[in-house]
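Using the sequences and the hints, build the whole thing.
Those sequence lines, one after another, are chains A and B. Be aware that the first sequence starts at 93, since it is given in the working numbering, and climbs by one per residue. Be aware that the second sequence starts at 93, since it is given in the working numbering, and climbs by one per residue.
The set of hints was computed from the structure by calculation and includes no laboratory data. Some hints here could point you the wrong way.
Note that identical chains are pooled: a pair holds if it fits in a single copy or bridges any two copies.
[What the hints assert, rightly or not] Calculated lysine to any residue pairs in the SDA-like style (CA-CA distance at most 20 Å, straight line):
hint, residue 1, residue 2
1, 263, 274
2, 232, 402
3, 325, 147
4, 175, 93
5, 346, 380
6, 347, 165
7, 263, 314
8, 289, 177
9, 98, 178
Residue-level listing of the chains:
There are 2 protein chains.
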Amino acid sequence: MPELRKDPILGRWVIIAGERAKRHKDFAHAPAALPEGVCPFCAGNEHMSAPEIFSLKDEAGNWQLRVVPSISPFMESGRDFWKKGRGPYDLRSASGSHEMVIETPQHVANMADLDDHAIKDVLAVYRGRMLELEKTVYLKSVLVFKNYGRAAGAGLNHSCSQLIATPVNFKRVKEELEGARFYYETHERCVFCDIVKQELETSARIVLDEQGFAAFVPFAPRFPFEVWVVPKKHGADFYKSDDAALDGLAGLLKKLLSKIKAALGDPAYNYVIHTAPFRRPQAGYWSTIEDDFHWHMEIIPHLDQPAGFEWGTGFYICPAMPEEAAKILRDA
Amino acid sequence: MPELRKDPILGRWVIIAGERAKRHKDFAHAPAALPEGVCPFCAGNEHMSAPEIFSLKDEAGNWQLRVVPSISPFMESGRDFWKKGRGPYDLRSASGSHEMVIETPQHVANMADLDDHAIKDVLAVYRGRMLELEKTVYLKSVLVFKNYGRAAGAGLNHSCSQLIATPVNFKRVKEELEGARFYYETHERCVFCDIVKQELETSARIVLDEQGFAAFVPFAPRFPFEVWVVPKKHGADFYKSDDAALDGLAGLLKKLLSKIKAALGDPAYNYVIHTAPFRRPQAGYWSTIEDDFHWHMEIIPHLDQPAGFEWGTGFYICPAMPEEAAKILRDA
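See the structure below:
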């Protein structure tokens, strides 16, 4: 029978479809690939991007990874930052940044097909760009995310990810911060640390446990085959990860994305990195983030789509049992 | 240039794409229609549904509208209601109800193609079913929603809507309740009443203003061409609407859905009705809902899809200017 499960951080209820859950072969997702055209991210087409912000080159001087501004940015850098009202409403300039990380010079679509070393470079570049963006005083938060495949919102079949930094804190990260803080006030422990411990003890939802990271299907996922990757060592800020941690994460990510590709038929997916906001007060409301928040990744394969119920309630119906999903990925 | 706009109720920021906004003809949405097969909702195929809960018949005894239980319910009625823990996690039985409203015996897909009278019947049945569901003491909230077209999660090309009642309050409605309460504490006025007043005064985002209802594109919409329908008369509960109000809403809805169909090329859409929870305390936290909350409908055409940024932040990027979207719908 279906059951309601509560996300212990956000307090959001999820309907788990129970015995009516689809078998993973029943998800008839559309192919991830988009129609091909001239790819502006391939080596040789650099003129199709705005001037590069950063690149990594090999010994021969060929770039292996580039960071460029988005050509249709949602947040704009180098503009005046303003706040204003219009009648009773609040507006702000979309001052911030919107960068694309082109992860390979080859026309490879899925990060699962890059090697560990290339994935490590991508993660190290996220760290470097965050450290750089943190210097702009009006920027409060940055999101690293990846859209792979058409159903995940990708525009090209070329492995890339994005960083968007904004002068406001993200709603969802704020909810996590508040949930984590509430838990910390009661328990004096980090809720993410406790969840990792619980998942490793029960092991039913673990997909991978190695190199300092636990990858598991959460107890109350929004989406079928959603996976969280959480460092076992507590830390609020992704950008404070050392090289050893990024090496470990790259190795795990390569395996995990390969499992998702193999088990689910190369579905479209998004991933996001939730890290603490850049600037936080020394006292008062957000001064305990260092102790109570814990950075992590969320990976969302797109096998299904939200509908009226999800848009109307903010709840989700997950048509796959988390424990079965974890087993399928573990065995892939 | 893009700008950030804040939803005055939820405090959620939305990135409005500004001059980079797509023209409405640029949204290349997939057709709403699904592949045809035997339709279990058509007259003559009643045996394909579970036993009916309610029906409206014409003088000749033929049904014009039926309510049946969902054949793959996400919430189940008549089961024991339980709460339990599993390690640190919370679970609840999915005790509740999941009903389908079959809006016509004919194989008509879009509610826009029903007449005012049939739409009024649908609305009156929502009211009747809510009044009935309200009697089950463990049910806290009900959502009325419609999935029209493939991209909105529909399974059939037959006009229908759904009611799901749950033993927990919806996350999104709770956020609205909290936002509305906060506003009321400051202003001693209903935030929805104030928004309607503001929208009617500035008129730039109004699509329709008639029969006691205002239909407008909100200041900070999540989706391009999103429209809210708000009764001008304050009221927290949809199910307390009288016949005259439902007549007015049916007439407006017919026009509005026809405009969306005509202007945007018959896109898939969802609509939801946000109404106050069934049970609320006489004192304390939720005792002022009667005054501060205001039921309404939200209509979401699916021209675009959320991607990693939206899933990661809980913010939205709206690639259409609300004022232009309203004008296009107004003129359709």
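List in ascending order the numbers of the hints, as given earlier, that are violated by the structure. 3, 5, 6
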